[in-house]
Amino acid sequence: MINIKLNVNGKDYSLEIEEDKRLIDVLREDLRFTGVKEGCSEGECGACSVIMDGRIVNSCLVMAVQANGSSIVTVEGLVKDGELDPVQRAFIEKGATQCGYCTPGFIMAARAFLNRAKDPTREEIREAISGNLCRCTGYNKIVDAIEEAYRYEKGI
Amino acid sequence: MKREFKVVGKNIHRVDAFKKVTGRAIYPEDIFMENMAYGKTLRSTIAHGYVSLDTREAEKIDGVLGIFTYKDVPNNRYGVVYKDQEVFVSKKVKRVGDPLAFVVAENEKLCDLALEKIKVYYEEIEGVFDPVEAMEEDAPKVHGKSNILYHFKIRKGDVEEGFRRSHVIVENTYKTHMVDHAFLQPEAGIGYIDEEGRVAVIVSTQYPHYDMEEIASTLNIPIDQVRVINAYVGGAFGGREDISLQIHLALAAKVLKRPVKTIYSREESFLAHSKRHAMVMRYKTGADKEGNLLAMETVIIGDTGAYASWGENVMRKAGVHATGPYYIPNVKVDSYAVYTNNPFAGAVRGFGATQVPVAYEQQMDALAVKLGMDPVTIRMKNIFKVGSETATGQILTEGVPLEECLSKLVEAMGYPYGKEAYR
Ligand code: FES
Ligand code: FES
Chain A
1 MINIKLNVNG KDYSLEIEED KRLIDVLRED LRFTGVKEGC SEGECGACSV IMDGRIVNSC
61 LVMAVQANGS SIVTVEGLVK DGELDPVQRA FIEKGATQCG YCTPGFIMAA RAFLNRAKDP
121 TREEIREAIS GNLCRCTGYN KIVDAIEEAY RYEKGI
Chain B
157 MKREFKVVGK NIHRVDAFKK VTGRAIYPED IFMENMAYGK TLRSTIAHGY VSLDTREAEK
217 IDGVLGIFTY KDVPNNRYGV VYKDQEVFVS KKVKRVGDPL AFVVAENEKL CDLALEKIKV
277 YYEEIEGVFD PVEAMEEDAP KVHGKSNILY HFKIRKGDVE EGFRRSHVIV ENTYKTHMVD
337 HAFLQPEAGI GYIDEEGRVA VIVSTQYPHY DMEEIASTLN IPIDQVRVIN AYVGGAFGGR
397 EDISLQIHLA LAAKVLKRPV KTIYSREESF LAHSKRHAMV MRYKTGADKE GNLLAMETVI
457 IGDTGAYASW GENVMRKAGV HATGPYYIPN VKVDSYAVYT NNPFAGAVRG FGATQVPVAY
517 EQQMDALAVK LGMDPVTIRM KNIFKVGSET ATGQILTEGV PLEECLSKLV EAMGYPYGKE
577 AYR
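Sequence order for the protein chains is A and B.
Per our numbering, the first sequence starts with residue 1, numbered consecutively.
Per our numbering, the second sequence starts with residue 157, numbered consecutively.
Only chain B is shown next, with the shape it has when bound in the complex:
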């Protein structure tokens, strides 16, 4: 009997669709407040080095209301997992695009003029841009004594034994590149003092309660004196899970007691937010004559860039997903998040689970070729089913329709599964 549902199987209109198709959905840049000033960010143009600023000339420009630097921030450190980011760089620049100062003026043109007039002095030092090199003892250090932010391990069974018993072994290194979310609405926001005297920021964010905490802690004010109002969000995909302009706007509004608006250009948006982790994945996988997987060993190195952001969580997820949807009795996984002077990497759709298939699926194909087997057969043999045990020891007790999914896919493709036709 076919069940009737109220929602499932029905065409439901988005609650916000009407506003979106009529242009009435309000994103932060669409808000204009009385007596509103504008703010723009000065960012580093080098990736690694010491910096100092001379803002005196810029401050003299008529219509420039304030130039904020690290000296104006009571607690300059923040970060979504580790507090390794600075609201404004105090000494050492760690990537291109690090915020150095925030200029507030009567209009955007005056902000640009002031940015030009700030003198920036750099003393460049050697940087590190390759996560594998960054792991070496003598590599330049981005923070503290080691560039290794995080190391995740899985040890299951005995991989050496598994490889000894394997009939075929394939060993390959795979690399994926950095990716930007490129959400369509560049970051924008407006900071002001609300009717109860609290610092308020209207912003498009994925994480308003976290934004509140960071504003309260960096400005050293009670959290009940901070409001973050989420406007419409023009795409995010993980790219709005870190701070961008929230603290700058809160600080400026608090000090100047005026509404301050900031809109990033597309270029600044690219500089400001996180990226997808570029990964280097070394894989060794072994199977018996029939194509049953016996062992897999992998080292996955993620370029987390200049700041931790969600790097630890992303690289943990990459490690947890390292076998793919395949049962392997002997598994050894080491995944790392490594600091470099590249743009910082963080949350992006898939959160670390997106990169590893590039490696584990090509390993399956490579094994199939070596065994003279077709790529569907080898997958069917090893794919997770109800009752399978994952590399982390989880027994999958329900909801594992992978065989069915793969069969349907093969059927839809008209793929001659199991036949000699594949070559």
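If we strip away everything but chain A, and leave its shape as in the complex, we get:
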């Protein structure tokens, strides 16, 4: 067992965990942020994507000890004072979620991207979500939603 400290969605946690746990295990099992999904366990599908210290990571590929001391944002952390994040609103508006299993991962990838993006092209948006797989939507509506979210944020 080993002690780690994490800030998740703005709250500090101090945890005693088994050394071989991955970040996804701690988030899902210990802290019950079950919005973090596991689709492949090997970095292919992006369903487990979370923002770690401002960067998008596959939480199935990060050992929990590697995340020690870091700040994590999961999809549960995007709702602020009952208000949806613009990315979440746009995903609803544009019909960018179907079965929903890939959705938290895409939303986190989009959030991390839009935090830095300036007038993103569709090509750049595609690049930003290239680490995420969706088997249902065919991607176009997801790209539409991310464009829309950018417009919401810029008020255009």
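The set of hints was computed from the structure by calculation and includes no laboratory data.
Heads up, a few of these hints could be off.
[As the list claims (entries may be wrong)] Per the computed footprint, the stretches of chain B lying under chain A, defined by three or more beta-carbons under 8 Å from a beta-carbon of chain A, are:
#1 213-226
#2 340-354
#3 386-392
Beta carbons: idealized from backbone N, C-alpha and C, even for Gly.
On the provided structure of chain A, position chain B with the ligands as indicated by the hints.
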């Protein structure tokens, strides 16, 4: 006048979209119950052979709560159309991935340890992996006396006569491969005893009432003592129309009187569920000088793998769709579902109608080349219209906008339809 509708033409939000974008949609793996144990499946690593297990050492591991095998299942047989699957293999393994045992322990690590400690003894026998070979008399048999599960026929008019009158005939064999649904959420579920003492399973499924029937029949309990609760479903596409972990979880929960949770890895998910039928399609199609289709004869062989699943229905649909959307007066279709020792094939989007276009559309192109005609013209000549008769004798009385669809498509592509430009 443009009519205003309440729903049609409007942007309607999915009822579940809010939960899905906030991470609040609950899939079975997101449920944690008090005193919950975990279960994992031991699966065969060979495709065809006799198997026996020695679970004694695994049972001794501290924290292992139970190891279930065929001996624990009152009625070991199930299957969505034919009861040709076993909850756990009793004697003969028929494919890689057949369930042999289900281990339940206090945590997943202990399950893995127990799986390693189960001794598996195989006596391999020759298998059959090609559906065409599997149809031969002396091929190894997967079940019973013949590998032919199903044969569907269409006989319309006189194909011999049709070919005699044909100016051009093309004959080709087409093959499609096996495909996995690869839905994004691997199978997961949780079995428990509910507040009224019933066996309950929460699972992502396409077919909860069928799951209930199979649990009741295999465990030999009244159906009103079984509950199946459909959680959010992370994609399915036909891949959740068969049993995967439902019976294993119900059995373990019933015996152990504890909640038991199972989550498949991606790899196990591939092993556990059905596949799209790989098909071999032999086609012979004839047309007159003007490009009017006169006859078509086809034999379509579908690899249904080790179990029937929906194979009969899928191969019937492939047969019914064998002419494509084209009127042909003389038709002979024979489609087969054939057992092999490959992964079992079942429902996948299109359900048999997806493979045949690979053949019938290329036949149209091949005929067009032979006739020196462009591929749109030959299609326009033969395409179903209102009043056309299909190969099964159905008269299409309404809703056949194929000509319009093809014209629009050609226009949108800027395709020089009818012109010599095509070559
Ligand atoms: S579960 Fe982490 S990338 Fe697929
Ligand atoms: S919505 Fe189902 S995988 Fe993307």
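Ascending list of hint numbers which this structure does not respect: When the structure is compared with the hints, only number 1 turns out to be violated.
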